[in-house]
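Engineer: Okay, here's what each chain looks like letter by letter:
Number of protein chains: 2
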Amino acid sequence: MPTGNLLYAQSGGVTAVINATASAVLQAARAKKVRVLAARNGILGALREELIDTTTLTAAEVKGLAHTPGGAFGSCRLKLKSLADDRAKYERLLEVFKAHDIRWFLYNGGNDSADTALKVSQLAEEFGYPLTCVGVPKTVDNDLAVTDCCPGFGSAAKFTAVSVRECALDVAAMAETSTKVFVYEAMGRHAGWLAAAAGLAGEDKNDAPHIILFPERVFDEADFMAKVDAIVKRVGYCVVVASEGIRRADGSFVADAGGGKDSFGHTQLGGVASHLAGRVKDTLGYKVHWALPDYLQRSARHLASKTDVEQAMAVGRAAVESALAGQNAVMPVIVRDADEPYHWHIDIAPLAHIANREKTMPKGFIRKDGYGITIAARRYLAPLISGEAPPPYGRNGVPNYVTPTMRTLTRKLPKWTGK
Amino acid sequence: MPTGNLLYAQSGGVTAVINATASAVLQAARAKKVRVLAARNGILGALREELIDTTTLTAAEVKGLAHTPGGAFGSCRLKLKSLADDRAKYERLLEVFKAHDIRWFLYNGGNDSADTALKVSQLAEEFGYPLTCVGVPKTVDNDLAVTDCCPGFGSAAKFTAVSVRECALDVAAMAETSTKVFVYEAMGRHAGWLAAAAGLAGEDKNDAPHIILFPERVFDEADFMAKVDAIVKRVGYCVVVASEGIRRADGSFVADAGGGKDSFGHTQLGGVASHLAGRVKDTLGYKVHWALPDYLQRSARHLASKTDVEQAMAVGRAAVESALAGQNAVMPVIVRDADEPYHWHIDIAPLAHIANREKTMPKGFIRKDGYGITIAARRYLAPLISGEAPPPYGRNGVPNYVTPTMRTLTRKLPKWTGK
Numbered sequence: 005m006p007t008g009n010l011l012y013a014q015s016g017g018v019t020a021v022i023n024a025t026a027s028a029v030l031q032a033a034r035a036k037k038v039r040v041l042a043a044r045n046g047i048l049g050a051l052r053e054e055l056i057d058t059t060t061l062t063a064a065e066v067k068g069l070a071h072t073p074g075g076a077f078g079s080c081r082l083k084l085k086s087l088a089d090d091r092a093k094y095e096r097l098l099e100v101f102k103a104h105d106i107r108w109f110l111y112n113g114g115n116d117s118a119d120t121a122l123k124v125s126q127l128a129e130e131f132g133y134p135l136t137c138v139g140v141p142k143t144v145d146n147d148l149a150v151t152d153c154c155p156g157f158g159s160a161a162k163f164t165a166v167s168v169r170e171c172a173l174d175v176a177a178m179a180e181t182s183t184k185v186f187v188y189e190a191m192g193r194h195a196g197w198l199a200a201a202a203g204l205a206g207e208d209k210n211d212a213p214h215i216i217l218f219p220e221r222v223f224d225e226a227d228f229m230a231k232v233d234a235i236v237k238r239v240g241y242c243v244v245v246a247s248e249g250i251r252r253a254d255g256s257f258v259a260d261a262g263g264g265k266d267s268f269g270h271t272q273l274g275g276v277a278s279h280l281a282g283r284v285k286d287t288l289g290y291k292v293h294w295a296l297p298d299y300l301q302r303s304a305r306h307l308a309s310k311t312d313v314e315q316a317m318a319v320g321r322a323a324v325e326s327a328l329a330g331q332n333a334v335m336p337v338i339v340r341d342a343d344e345p346y347h348w349h350i351d352i353a354p355l356a357h358i359a360n361r362e363k364t365m366p367k368g369f370i371r372k373d374g375y376g377i378t379i380a381a382r383r384y385l386a387p388l389i390s391g392e393a394p395p396p397y398g399r400n401g402v403p404n405y406v407t408p409t410m411r412t413l414t415r416k417l418p419k420w421t422g423k
Numbered sequence: 005m006p007t008g009n010l011l012y013a014q015s016g017g018v019t020a021v022i023n024a025t026a027s028a029v030l031q032a033a034r035a036k037k038v039r040v041l042a043a044r045n046g047i048l049g050a051l052r053e054e055l056i057d058t059t060t061l062t063a064a065e066v067k068g069l070a071h072t073p074g075g076a077f078g079s080c081r082l083k084l085k086s087l088a089d090d091r092a093k094y095e096r097l098l099e100v101f102k103a104h105d106i107r108w109f110l111y112n113g114g115n116d117s118a119d120t121a122l123k124v125s126q127l128a129e130e131f132g133y134p135l136t137c138v139g140v141p142k143t144v145d146n147d148l149a150v151t152d153c154c155p156g157f158g159s160a161a162k163f164t165a166v167s168v169r170e171c172a173l174d175v176a177a178m179a180e181t182s183t184k185v186f187v188y189e190a191m192g193r194h195a196g197w198l199a200a201a202a203g204l205a206g207e208d209k210n211d212a213p214h215i216i217l218f219p220e221r222v223f224d225e226a227d228f229m230a231k232v233d234a235i236v237k238r239v240g241y242c243v244v245v246a247s248e249g250i251r252r253a254d255g256s257f258v259a260d261a262g263g264g265k266d267s268f269g270h271t272q273l274g275g276v277a278s279h280l281a282g283r284v285k286d287t288l289g290y291k292v293h294w295a296l297p298d299y300l301q302r303s304a305r306h307l308a309s310k311t312d313v314e315q316a317m318a319v320g321r322a323a324v325e326s327a328l329a330g331q332n333a334v335m336p337v338i339v340r341d342a343d344e345p346y347h348w349h350i351d352i353a354p355l356a357h358i359a360n361r362e363k364t365m366p367k368g369f370i371r372k373d374g375y376g377i378t379i380a381a382r383r384y385l386a387p388l389i390s391g392e393a394p395p396p397y398g399r400n401g402v403p404n405y406v407t408p409t410m411r412t413l414t415r416k417l418p419k420w421t422g423k
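Here the protein sequences line up with chains L and C, keeping their order. For the first sequence, the numbering used here begins at 5 and goes up steadily by one. For the second sequence, the numbering used here begins at 5 and goes up steadily by one.
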């Protein structure tokens, strides 16, 4: 039985399955008799010495986390800078780790978190403190390097594809006398992975979505309007899926135009979908509707992809194994062995290959005209949304999501005064 | 075997389960060897003599409709006026009915459609044409008189409650360093039924949604802001569910303020959620997010309520039975026998009691402070979102929704020149 504690922290935007990873981490550690502490609100909890003792969670609660969205221990958006710029923070982290005998640190997040985990491991080495740091991948943006895909993405992608298909059936039924153009806004500031996943909603030329707008392509309004009009005339209606991050040729975000002030001088929060819908109405005169699913798309555990849940748990288990085996500054990644039938396995990659990098969509995934996905994209995306993993529901009709009571350890150090 | 054809038409906004009603209508009629024609795009198809021969649909397609959202035969927003004002249209309908030997007319919609079905029955009687008109209830707004609830509502309500619960878990995890106020916009221009259903997402005082805004109550911005602020300070974050139809004391829609022009002078489409989010940001300075699920909430067949699907099919079967039994100008309605355990049965009510009426929420369903639901509301709402009825999924990860090829009958009359 190894001595010392394992610290687990969640970072950045949460997903439908990050708690599945947490559940797997806790289960794997318990099997090895390793005590897991969890930082409350990610790295912030480590800095503040707000550490949750996960041993008080019942086995049922740990199991229940695997079907609960959100981030059970709290997450945060706090990017640590370089070791030079944020040295005080890194040193404080090490102090907290020492005070609580933390020998393994699992940081569950995206490329920023991989960078933080890497830097913590470097400082620990510099200080001669025996610490094994392991990154655990997570992000609905699917933009991590090395790994074939990111836990969290598959479920958000499934939500996107299914929702666009359902809305398209609605619009198709009403188009003769009502809405002719429907715009769906997908998350994705820099990479159009989620918008691309909407492409799985249809297969034929006339199937929705008829237009997908990627941040990887320059948005040309005139060309877009001509395309919308042609589709309405041919199909009877047009379903558009827009990435929040699309830009014009001059580099400006289309979403920024959606904001401004309303007629009372109040802040008007915009977005790509509301802006495009307004422009279609003004330019083409069609009745429009638009949807901004926002957090719904990344928290819809009720519609999680089975593949995604399995991978989220697999990286959690692998991270514990790597950590206990002393594999420092690494991250478990997903390797694709075959598209159809889909096979994958977990490999271990150096954090240095992942930290601060960003994977955009391969050019070969976007159709030549820039408004749809290719066969190669379908081959990549389809397995990731495959299979269902519904949560158990209560008699009240709502899933039995668990929110365990958390016990925070007594502080051993002076209060952290940084921020 | 009765002679003549039965005409089925879908009307108004479609739902996740209106096709379940259609499926039940077709199955019940087939069992009685009655041929069903379906009007393409609702009453418009009847006027245009665009009649679909449903006998070409396979048994598997008819069964598949029961798990397919949207409106398989097309719907429309076309409200017929009084017999005096729209006499030409009503007479055209009768001509089409006569030309195709239609003896039973099933109109699947809300209170407008109930009115249309009633008027058609009156004119048929005046002309001595033997026609039995039966309304079939449908609306996510849940605002039909007489019936205890409306098919379509339960599934939209379940989507609302589950989505709000999921988003709340997301916000809770991020609130320390990110979004503190989240606003979810629910459909409901005149009645707050769907917003009320969001109340099922939580049970305790500190559970989301913390604030529900009903169109039945006057919106007071200062009071609302004070409440949001107090909740953020007490709970750490605040989840608001707003009905699209809320108004200020002067009667103006809050949603209307959300629109206007953007900085380029383009139409800015607004909404309640974007407006409230902007005001919270301006007034309280909290980071906000908002969601506008729009059609997602009424087309989410993947998250349908089992109760709702069963009731949607039951009204379809009952409508066929009533029609074939010659019960004219009626509508099958849902009668609640008990809340817990929930029991219900189908009764038959006169269309005259339903047409053009609107059921708002009982006062006793809204909490005294105006920002939440009561125990009585929970008792009413809970059974309606109870149970799951997931569609079958394909290996591609998307539900196997059916879109049968439709064969339209050859026209027998001159083209309709009205509009």
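Source of the hints: derived by calculation from the structure; they are not laboratory data. Misleading hints may appear alongside valid ones.
As the list makes no split between identical chains, a pair holds if one copy fits it or if it spans any two.
List of simulated lysine-lysine pairs, BS3-like, C-alpha gap at most 27 angstroms [to be verified]:
no.	residue 1	residue 2
1	Lys363	Lys37
2	Lys85	Lys237
3	Lys367	Lys423
4	Lys363	Lys67
5	Lys237	Lys67
6	Lys36	Lys363
7	Lys363	Lys310
8	Lys231	Lys37
9	Lys36	Lys285
10	Lys363	Lys419
11	Lys372	Lys37
12	Lys83	Lys231
13	Lys83	Lys310
14	Lys363	Lys102
15	Lys237	Lys419
16	Lys416	Lys67
17	Lys83	Lys291
18	Lys37	Lys237
Engineer: For every hint, state whether the structure bears it out.
Structural biologist: Evaluation of the provided hints:
1. Lys363 to Lys37: neither (37 angstroms within a copy, 60 angstroms between copies)
2. Lys85 to Lys237: Neither: 52 angstroms inside a chain and 30 angstroms across chains, both beyond 27 angstroms.
3. Lys367 to Lys423: Close neither inside one copy (41 angstroms) nor across copies (48 angstroms); limit 27 angstroms.
4. Lys363 to Lys67: Answer is neither: 32 angstroms inside a copy and 44 angstroms across each miss the 27 angstroms cutoff.
5. Lys237 to Lys67: This pair counts as neither: shortest intra-copy Cα distance 52 angstroms, inter-copy 32 angstroms.
6. Lys36 to Lys363: Neither. Shortest intra-copy (35 angstroms) and inter-copy (60 angstroms) distances fail the 27 angstroms Cα cut-off.
7. Lys363 to Lys310: within (23 angstroms within a copy, 41 angstroms between copies)
8. Lys231 to Lys37: Neither way: Lys231 and Lys37 sit 60 angstroms apart in one copy and 46 angstroms across, limit 27 angstroms.
9. Lys36 to Lys285: Answer is neither; intra-copy 61 angstroms and inter-copy 47 angstroms both fail.
10. Lys363 to Lys419: Result: close neither inside a copy nor across copies, 39 angstroms intra and 57 angstroms inter.
11. Lys372 to Lys37: neither (54 angstroms within a copy, 52 angstroms between copies)
12. Lys83 to Lys231: Classified as neither; 41 angstroms inside a copy, 32 angstroms across copies.
13. Lys83 to Lys310: neither (31 angstroms within a copy, 45 angstroms between copies)
14. Lys363 to Lys102: This pair counts as neither: shortest intra-copy Cα distance 35 angstroms, inter-copy 64 angstroms.
15. Lys237 to Lys419: Between copies, since 22 angstroms is at most 27 angstroms while 65 angstroms is not.
16. Lys416 to Lys67: Cα proximity of Lys416 and Lys67: none, with 31 angstroms in one copy and 65 angstroms across.
17. Lys83 to Lys291: Only across copies: Lys83 and Lys291 sit 18 angstroms apart there, 43 angstroms inside one copy, limit 27 angstroms.
18. Lys37 to Lys237: neither (65 angstroms within a copy, 39 angstroms between copies)
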